[in-house]
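> Listed below, chain by chain, are the residues.
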Amino acid sequence: MAKATKEQEIKEDVWVRTTCGMCYASCAMRVRRVNGVAVKVEGDPDSDYGARGGLCGKGMASLQYLYDPNRCNYPVRRTNPEKGIGVDPKWKRISWDEALGEIGEKLKKLKADNPNKLFIMGSPSPGMSMSSLIPLFLWAKAFDTENTSNGGAGLHCGSASHMGAGMNHAAWSALPDYAYCNYVIHFGANKGTGAGHSAAMLMRKAADARRRGMKAVVFDPVCNFAGGKAREWVPILPGTDLAVALAMANVIVNHLGIYDEEYLKKKTNAPYLVKSDGEYARDTAGQPLLWDETNSKSIPWNDPEVLHVDVALEGEYEVEGIKCQPVFVLLKEQWKKFTPQWAEDVSTVPAATIKRIAQEFAENARIGSTINIRGVNLPYRPVAAIQFRGGSGHSNGFHTYFSVNILNHLVGAADVPGGLIGWPSRCFGFPGTGNPKFEPFASTDGFLRCTIWAPGIPGAWPHSTPVLPQKLNLLDLFSTSSFSLFPWVKETEEMYQKLEVPYRAEVLLQLAGNPLMTIANPDTVAEQLKKFPFIISIVTMHNETTESFADIVLPDTCFLESLSCWDAEFFSFNHPTGMDDWYWHIRQPVVKPMYERRFAVEVLTDLADRIGMRKEWNSAINAYLMLFTLAPMPYPPEAKLTWEEMVDGFIKARFGSEHDLNWFKEHGFITWSKKVEESYWRWFVDARASIYAEFLVAQLQGIKEICEPRGIPIDYEQYTPLPSYFPTVVHKSTDPQYDLIAFSYRDILHTGHHTLGTPWLLEASDMNPFTFKVTMHVKAAEERELKDGDMICIENERGIKIKGTLHTIESQHPRTVAICSVGGGHWAKSQPLAKGRGVCFNYLLPAEWGYNCPITSNIETSVKVRVYKAETGKEIPK
Amino acid sequence: MRWGMAIDLQKCVGCFSCQIACKQEHFLPPGIFYAQVLIGEVGTYPTVRKLIYPVLCNHCEEPSCVDVCPSGATTKGDDGIVCVDSDVCIGCRSCLIACPYQQRSYLPKKDSEYFPGQGLTPYEEMGKELYPLEKGTVVKCNFCKEIIDAGLEKGLAPGVDWDATPACVNACPAKARFFGDLDDAESEVSQQIRARRGFQLHFEFGTEPSVYYLE
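The listed protein sequences derive, respectively, from chains A and B.
Taken in order, the first sequence gives residues 386 to 1263; the numbers are from this note's numbering.
Taken in order, the second sequence gives residues 5 to 219; the numbers are from this note's numbering.
Extracted from the complex, chain A is given alone in its bound form (with noise of 0.2 Å):
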């Protein structure tokens, strides 16, 4: 910008390094103020925490967001006292004293009486992200609720992808190792083309990938992200994924019989022992037995020897008088049934093709190879499987994730170079302090422990046991769910009463996200927002939630104005895979928080004073910290410490005194090399994959003993610990009129409702034919009277419509209709260039119990609909 200005002296033009908000993967950006104004946003060249200096368009997007007229600016208090969709809330603007005295009050009254009754939810949205959101959890357990719940972003994408990844690569997700995988499947999920997991700097890493000869074969209904960037788009009915996955393994294992066989014996409980039951056959002391072939006996999977004799895959063998197998020969059987043949009539993915494709994938994996990096010698298995929310997002959420995950276990594909890795699983910390240290270690069975899981979501391995629920959410009972239904359903209060819930909530905090839009059909999730006797939400703007249910609003500050030293931490989303360095990254204030927005989490630590509770939330954030190092605990428990001060201790306990705040804000972050060990550890760590799912044989008889006395429906089918197919509910349904099965996904240019005010990205939408608009194929829109922009009608079988402009393509399954960027469909009052674009497709997701995985509870993305031109529909709220 060269022009003179003309009036106004530049007194100030200066760069601040900070985060991305726009979606949760917190790319680092540094940001031009000039007089006090922001003025330019670009990715910091110098990181490789992002994309070095490259930003998606919605991170461009940023100062948009930031000088919204639309913000929410001021506390206010809801003083109509009828709530619901269209009501209007007559808000008035009080001061944050008033705000907060009441809550304080209100929340301290509740913490001595039962402190469970206070019901937390969070989400990953824009201006929030992880800075708030992993406080938020730990702020909970401060407070002493075992009541949590996310918005639609980990009930529709997460509840089995991040089991899975836990268990079998001690990490929160999985990746390709771009640097040097040479064939990478998708099944079902836009890694690479700006998926929220890692946007920039796994666009950035997978478009080397391309350069370099990466072939990447998509699975997915619609040839749109992931599938515009493959060698070879392949479409699909949307969840068959698993059939698909069921039929590879079936070629790879028993047609062409190449695996990794030492990976197999030593790295996963191929090798363990199973009985007749199904469980495996155990020790005196419970421990799982192997056979060894080189003494001829059982030994136990933690036996020092384990692992330098040779152990059967193969055979049966007795066990104290009781007969058993390896779980690979159940593995190989079970596959059997699953021929290519079979998967077409299931996915209509030709035959021809998956046995293509299964093996070209073994092939690639050139089992037996070895690389060199930095003088280190690893196994190199350049190809990897990988799925997210349209692969698993389903009601056979569980089997699929597990079934597309095993591929590359049975090439030893995982957390070696060029396979499918974790990201981040193990880090020895900072040289000069050992801080944050977390390493995987074989913990029950002799499975892999995730030490990096995400604070206070449950569902990680070794899972509990079930028990009659005392939380809110039901967690306590559904132990393999991360994320739950509860209480977002028709039936919740129907289920709480069959299990003999003691309490209900009387307080719901909610900070950001948009839940009644988010999670499912929002006229069902409203009437279970309507049972909380008071909310209260910290929001960067007024939404569809806070303006139908919310009784106190308080204006949080967005990631340009606010400080906090939670955004790169290490379970989050944006630490480069392979061998980029580490990189950790603080994010502070661009501009002063504009009129009174105040930090969520400052605000969370100035409500902790007033409840009485700041002793448990300043040990709460030690204990945090001390899962990472054996360093002195940064805040004496009663210190009331302001915000500030305790991101300075924060960072000073991890990085040491002299990187202390005054450091990162001039610095923006720190950074040290990466050893190979860190990246591919799973060599250099002594613990397993879980490849055959034994454990849910027990979880099925304790979630029988207390759902079956009650009359609580539940799939007991999928509890079964082989591989195995089951139709989702969608699959299920036979009446023929509703013939095509609809889907939404996700858009490079939104994050879930929270852009959908953004000029320059509505500009860009309006350039992109996806954005807002029900696609279906030419041939099959012409088949039912259609063509492209018409306005139709998309109508569920439970008879929820709605209405959305069509555009037809030749990219997409003629048997689906698919809407991007989960569609749209606005009415708040506060987002006036939202309203009315695009249409909302999760009303046509039934909030139902049953409607999702039963071992999971990821919800059931698609639904089965019949489309015609539309007179009728759902009208969007006035």
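These are computed hints drawn from the structure, not numbers from a lab.
Because the structure is a prediction, the values reported are computed rather than measured.
We treat Cβ as the ideally placed atom computed from N, Cα and C, and that holds for glycine.
Each hint should be verified, as a subset may be incorrect.
Using C-beta positions, here's what the derived DEER-type ranges look like [unchecked claim]:
#, chain 1, residue 1, chain 2, residue 2, range
1, A, S1058, B, E150, 33 to 43 Å
2, B, A161, A, E617, 38 to 48 Å
3, B, V46, A, E701, 54 to 64 Å
4, A, M1011, B, L205, 57 to 67 Å
5, B, V72, A, D1124, 51 to 61 Å
6, A, E467, B, A154, 57 to 67 Å
7, B, F207, A, R616, 23 to 33 Å
8, A, D1045, B, W166, 24 to 34 Å
9, A, D1124, B, Q122, 42 to 52 Å
10, B, E150, A, M1152, 19 to 29 Å
11, B, G47, A, K721, 29 to 39 Å
Starting from the structure of chain A, add chain B where the hints point.
Okay, now just chain B, sitting in the frame of chain A:
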């Protein structure tokens, strides 16, 4: 010295960062774009391909816009950049019609707001100070000439040094853009175009673009 660009279509994922970064850089009002991303498809199900074309002014060697400009406002510089001098432009818009790539825009005399009825944001207000645009004239991509020239003065290399490089090039998270001197056979952009057989869009228009695409 002839500034030029190459866009790697294999790397580009269609994130629109370049389009928005450009708008941000030049404080462009609603509806005005110097860079756009065109999305399409080709083929018949199931053999289809997604098309993503980031487009911008091609800074042609034989620019049609220069030929038709009656006031001489539009010129092609020695550095290869085609510029519009907003002090000279009379807003006749002949160039809009002449440009076969439709990469020029007329800046309306009437203000429009990104948040209709809600005024201008502090960022937009500052933009009036830092980068005033002349209403009633034609505007277009100038390869961020101000950044390039300021960088050259400091001895930096555009396309190599971050602070001397056009905004869209830096913005790309997939690192899909190359920028540099097309007259220098050893510049990275020249090497990429040679090695990857870079092509120009609508070569048949005959205007000899300085922007190439790599498949």
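> It remains to establish, for every hint, whether it holds in the given structure.
Evaluated hints:
For the pair A:S1058 and B:E150, the supplied restraint of 33 to 43 Å holds, since their beta-carbon distance comes to about 38 Å. A hinted range of 38 to 48 Å holds for the C-beta pair B:A161 and A:E617, which are about 39 Å apart. Remark: the range hint 54 to 64 Å for B:V46 to A:E701 is upheld by a beta-carbon distance near 56 Å. Taking the beta carbon of each, A:M1011 and B:L205 are about 59 Å apart, inside 57 to 67 Å as hinted.
Restraint check, B:V72 to A:D1124: a C-beta distance of roughly 55 Å satisfies the suggested window 51 to 61 Å. Roughly 59 Å separates the CB atoms of A:E467 and B:A154, a value that falls within the hinted 57 to 67 Å. In this structure the hint that B:F207 and A:R616 lie 23 to 33 Å apart at CB holds, the actual value being about 27 Å. The hinted window of 24 to 34 Å between A:D1045 and B:W166 holds, with their beta carbons roughly 28 Å apart.
Between A:D1124 and B:Q122 the Cβ separation comes to about 45 Å, which falls inside the hinted range of 42 to 52 Å. At about 26 Å, the beta-carbon gap between B:E150 and A:M1152 stays in the expected band of 19 to 29 Å. Take B:G47 and A:K721: their Cβ atoms lie about 37 Å apart, and the range 29 to 39 Å holds.
In this structure, none of the earlier numbered hints is contradicted; all agree with it.
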